[in-house]
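> Sequence:
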Amino acid sequence: MTGEVHISGNKRSRSSTKGAIESSNKYRKYDVPPHPNGVRPLGNIWLSDNLYNYRDESLGDFAPLIDQIILAMLETLEDPRDLVSLSLTSKGFYIFAQTDSLWKPMTLEAFEGDFCYRGSWKKTFSCETLKRKNKNEQVILANINLKDFYSDVLYNQWYCSTVDLSPWATYENIERRSNLSLEEFIEKYEKPNRPVIITDIVPTTQWTKENMLKNYGDTKFKTDQGVSMTLRDYFQYSSSIQEVSPMYLFDNMFADKAPSLRGAYEVPPYFKEDFFEMLPTKERPSYRWILVGPARSGSSFHKDPNFTSAWNGLFSGCKKWILYPPEHVPPGVHPSEDGWEVETPEGVIEWFIDFYPQTKKAGAYRPVEAIMKPGELIFIPSSWWHTVLNIEESIAVTQNFVSKANLFNVNRFLKSKPSSQLYDAFQEALNTNHPEVSKELEEEMHRSGENERIKKLKQPKKEKEAGKSFWDKLTKTGDTSVSFSLFD
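Residues in the sequence shown are numbered from 1 upward in steps of one, following full-length UniProt numbering.
Everything labelled a hint here was simulated from the structure, so no lab data went into it.
Backbone N, C-alpha and C define an ideal beta-carbon position, used for all residues, glycine too.
Do not rely on the hints blindly, as some may be mistaken.
[To be verified] With a straight-line cut-off of 20 Å between C-alpha atoms, the simulated DMTMM-like cross-links for lysine to aspartate or glutamate are:
#1 Lys458 with Glu442
#2 Lys404 with Glu337
#3 Lys191 with Glu273
#4 Lys135 with Asp114
#5 Lys272 with Asp200
[To be verified] Listed next, with one range per pair, are the computed distances between beta-carbon atoms:
#6 Asn173 with Gly60: 50 to 56 Å
#7 Pro269 with Asp82: 55 to 61 Å
#8 Thr76 with Ile454: 39 to 45 Å
#9 Arg284 with Asp82: 41 to 47 Å
Required output: the full structure, derived from the provided sequences and hints.
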């Protein structure tokens, strides 16, 4: 056989098949149901008889463009009627134009949180549009099933939204404790900055889905998508959603909206000390949240704000936690040099599919893993990287805090920030309420050299660059790569 094969008029090198096959190998690890439109991973084309991809024929002159660019182009369409019109041009464009990742932002922009989810974002948009026009018409979306349609991008969305989560809920290595005294918690976990699960501290009686719907079904709560939904509509969505990155109910004002929920739990004795409590209400950063989310929802890798520590108590459901100490950046995570920005896979589930297997390889750093069940609480130490995947629909509450154990980390971070507003307010409150603690803290900052380091860090850029040669400036990172966007 020659070194080339022809597919829809395009030449593809045999040597280039390795990437396609490797990109499809990950789909063999876990079973998922067939794609509803017959889309298959690109690597599967090499197992077909004729190496024919209907995608190329169906997209016409757009076929040479990679799928990411096609979806990016469709994302620029602001009028949903344009997507509908495009879907009528060919079966291939129909598959692309009904993608949930296109209809979800359109639905949220058009209706914000005032909608009832109908099984897909396109159907939801259609039903809500008809509802507002007082048209009682049934919405039935065409179900086109294609043969020989190969696309990693489209298949990956389906794969991530349907893959079984149970394999990630089998292993943990975190320490579990009960009957833990305050003194032992401080000495064994808080001071050494070590995570732990405490198994006997979280009440679960009032924080049930049924009770919450009964008492607060019509109350609106904020989601991570910037829209607010009634709890009733959110649970309707949560119980039927099937997507890569589901919306997460994540509200820092829940105590004002649902006071009985706030009264249904107490801050555990291990976390009563919180120096941020001294701050005026308007100055204090958000510190407590209600968390409700379906399976597959969660939070990507991050460190908690202002280098605070946190605790998270689970009332119902199941959560998988992965935690890395501050000095170990998780695989697939790329923080900026100054640490202010972090690049991670788009969905939490994508990290587990693409990077979790790396943690099991010989020689790899082993993170702390936890499987959290109702009635349990996890302590997340200051500056630790962590990601959370909801294995089941889950209801939880979390709070961030500043104690003596993490005060130095928090103070150092606040002083390093470009804006000094929070740092100044915190210093004033600390000096007023705990002058002895403030004095000890400043002495530690001086002894450790942090004051001098932060002073240099905040030098104007021109001053720091002064005296460097042109070549020094050009090669200061030792990286000759260039970052750019095709659509800049």
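> Now tell me if each hint is right for this structure.
The hints, checked one at a time:
With a C-alpha separation of about 18 Å, the suggested pair Lys458 and Glu442 falls inside the 20 Å cut-off, and the hint holds. Of the pairs offered as hints, the one joining Lys404 and Glu337 is violated, with about 28 Å between alpha carbons and a cut-off of 20 Å exceeded. Proximity of Lys191 to Glu273 is assessed by CA-CA distance (about 14 Å); at most 20 Å being required, the pair is judged to hold. Distance restraint check for Lys135 and Asp114: the Cα-Cα separation of roughly 17 Å lies within the 20 Å cut-off, and the hinted pair is therefore satisfied.
Restraint check for Lys272 and Asp200: satisfied, since their Cα atoms lie roughly 17 Å apart, inside the 20 Å limit. Take Asn173 and Gly60: their Cβ atoms lie about 53 Å apart, and the range 50 to 56 Å holds. A hinted range of 55 to 61 Å for the beta carbons of Pro269 and Asp82 is consistent with their spacing of about 58 Å. Checking the proposed 39 to 45 Å range against Thr76 and Ile454 shows it holds: the Cβ atoms sit about 42 Å from each other.
Here the CB-CB span from Arg284 to Asp82 is close to 45 Å, well matched to the stated 41 to 47 Å.
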